[in-house]
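Sequence order for the protein chains is U and C.
Anchor point for the first sequence: position 190 equals 197 in the working numbering, and the numbering is continuous, going up by one each time.
Anchor point for the second sequence: position 54 equals 69 in the working numbering, and the numbering is continuous, going up by one each time.
Hint data in this document are derived by calculation from the structure and do not stem from the laboratory.
It is possible that some hints are incorrect.
To be verified - Computed beta-carbon distance windows for the label pairs: (1) U:K268 <-> C:N66: 18 to 26 Å; (2) C:M16 <-> U:K377: 39 to 47 Å; (3) C:L26 <-> U:F373: 20 to 28 Å; (4) U:Q262 <-> C:K22: 38 to 46 Å; (5) C:L33 <-> U:P245: 27 to 35 Å; (6) C:A90 <-> U:K313: 49 to 57 Å; (7) U:K268 <-> C:V81: 37 to 45 Å; (8) C:L33 <-> U:R259: 25 to 33 Å; (9) C:M16 <-> U:K257: 42 to 50 Å; (10) U:Y130 <-> C:N66: 53 to 61 Å; (11) C:T29 <-> U:V70: 18 to 26 Å.
Glycine is no exception: its CB is placed at the ideal position from the N, C-alpha and C atoms.
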Amino acid sequence: MIQNKKFAIGFAIVVSVSIISAMALAGTPSSGEAASRNELAPMGTMIAEFVKSTGLFAYLFPVSDKWTEGVGRMLMVGIGLLMLYLAIGKRFEPLLLLPMGFGCILANIPLSGITEPGGIIYYIYEIGIKTGVFPLLVFMGVGAMTDFGPMIANPKTALLGAAAQFGIFSTLIGALVLTEIVPGINFDLFDAASIGIIGGADGPTAIFLASQLSPDLLGAIAVAAYSYMALVPIIQPPIMRALTSSDERKIRMTQLRYVGKVEKIVFPLIALGLCMFLLPSAAPLIGFFMFGNLMRECGVVDRLSKTTQNSLINIVTIFLGLGVGSRLSAEKFLSLETLGILFLGVIAFCIGTASGILMAKLMNQFSNNKINPLIGSAGVSAVPMAARVSQKMGIEEDPENMLLMFAMGPNVAGVIGSAVTAGVLLTLKNLMV
Amino acid sequence: MIVAGLKLTLLGMTVVFLFLLVLTLLIKISFRFLSAGSARELAEMEATELNKKKRSFFRAEDDVLVAVISAAIAAHRARTRIVR
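Turn these sequences into a full structure, and let the hints guide you.
So this is what it looks like as structure tokens:
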């Protein structure tokens, strides 16, 4: 008992000495601060303040009185959930739509500050997307996964990839036409270029270009690009059927030659050299793409190649999706311009598909070595889905006609073509008056 | 603005076609220099494939032979046991 009393007295002395010395060291203002950190407001005020700090209150009664800050945010959460449904339920580009949908939900939680300076998604966007780092790292991974063999074996099919880029430019013009005729839509040349790149059917390129030219439209452009890429098997077949005859769809192409290892190693260096001399503005995209490909083909850095095409691309994709999702704010997304972007996106895909097919038909007029026009549609990138569509359509007409490898030629050429187009569009700043 | 778009389209499509056309030509030129190596590589690969096939064929044939001989020995032993 006596020992306990002694301990209690000692403890009280130590505590009071500590408090007195702390107060002496801190001075008068801190004493007030300490008081405010230890005292609570009356119960009624506490409850009222707590209710104000709930998400539901912020959704219903936003501070700024703007509908986009309240109900708009709720609608955006709905759009995020829709993206999650498309990714999980419909398997539409799940690797990107899932993190994008979740990023969209996170970005629209009121009062969380997650997308403001200090919030994690703010830093993900600032570090990875605004700088263009993440799309380029993804592009490097795509390069490490790409086999250029079919294109090297039949180089003329690269022209189909070039023709399909017409979808990008026709959409660019379409965006400018919409600005002229639809009140409420106001795209400048930079916005139009960023929207047009949706037609390249190449996610990283679209994100890279939009982040450089029109960061405000990034969210809508990325959603349109990835959604339509997932819809390639639905969008392309009717156009392919409409523009080709049954006989054309039955054309059998000559067997592709064997492409040696050295040829595959030299190719990325040739493409890089060409970019170096002809279009340095495309060097980030083409450079990273070809670097990834060289790692794959040279055969001496298998570890790096595997990391690039697996772990690295997966990690970057997670943050790329979250970062892009964070740009899906109600104020920017729930507008007439987004509807315009979604409309123009599908037009871009259709025109790109048609251009590739028509180019194949044109080439057949001047060559004895016929090309099946179905592979022209694969020029819109969307690797390898567009090539698979060509294969499926070919089999429908002739079950023994395997077009997949032939279609991979224009398909990978389309990736180079859209990177080159992005390079041209990036020079816009220098082309202005 | 639409005229600006048309100008950009003309420039852009020309550059894209030019880029891929030159790339096509360079691929063809590089093939001239590298085709001998590729042909040699293909021949080596085909020879290796052929050897593999032969080896697997003989291995399969050996397995059959061993099975036949084992069966014959087993049958012989069984017969001699009955005679005794």
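How the hints compare with the structure:
1. Between K268 of chain U and N66 of chain C the beta carbon distance is about 20 Å. The supplied range of 18 to 26 Å therefore holds.
2. As the Cβ distance of M16 of chain C to K377 of chain U is approximately 41 Å, the hint placing it in 39 to 47 Å holds.
3. Distance hint check: the CB atoms of L26 of chain C and F373 of chain U are about 25 Å apart, consistent with the given range 20 to 28 Å.
4. The hinted range of 38 to 46 Å is satisfied by Q262 of chain U and K22 of chain C, whose Cβ atoms lie roughly 43 Å apart.
5. Distance hint check for L33 of chain C and P245 of chain U: the Cβ-Cβ separation is about 32 Å, which falls inside the suggested range of 27 to 35 Å.
6. Our hint of 49 to 57 Å for A90 of chain C and K313 of chain U holds, since their Cβ atoms are close to 54 Å apart.
7. Checked against the hint of 37 to 45 Å, the C-beta distance between K268 of chain U and V81 of chain C comes to roughly 40 Å, which is consistent with it.
8. Taken as a hint, the range 25 to 33 Å holds for the pair L33 of chain C and R259 of chain U, whose Cβ atoms sit roughly 31 Å apart.
9. Between M16 of chain C and K257 of chain U the beta carbons are some 45 Å apart, a value that agrees with the proposed interval 42 to 50 Å.
10. Between Y130 of chain U and N66 of chain C the beta carbons are some 57 Å apart, a value that agrees with the proposed interval 53 to 61 Å.
11. A hinted range of 18 to 26 Å for the beta carbons of T29 of chain C and V70 of chain U is inconsistent with their spacing of about 52 Å.
Checked against the numbered hints above, the structure violates only hint 11.
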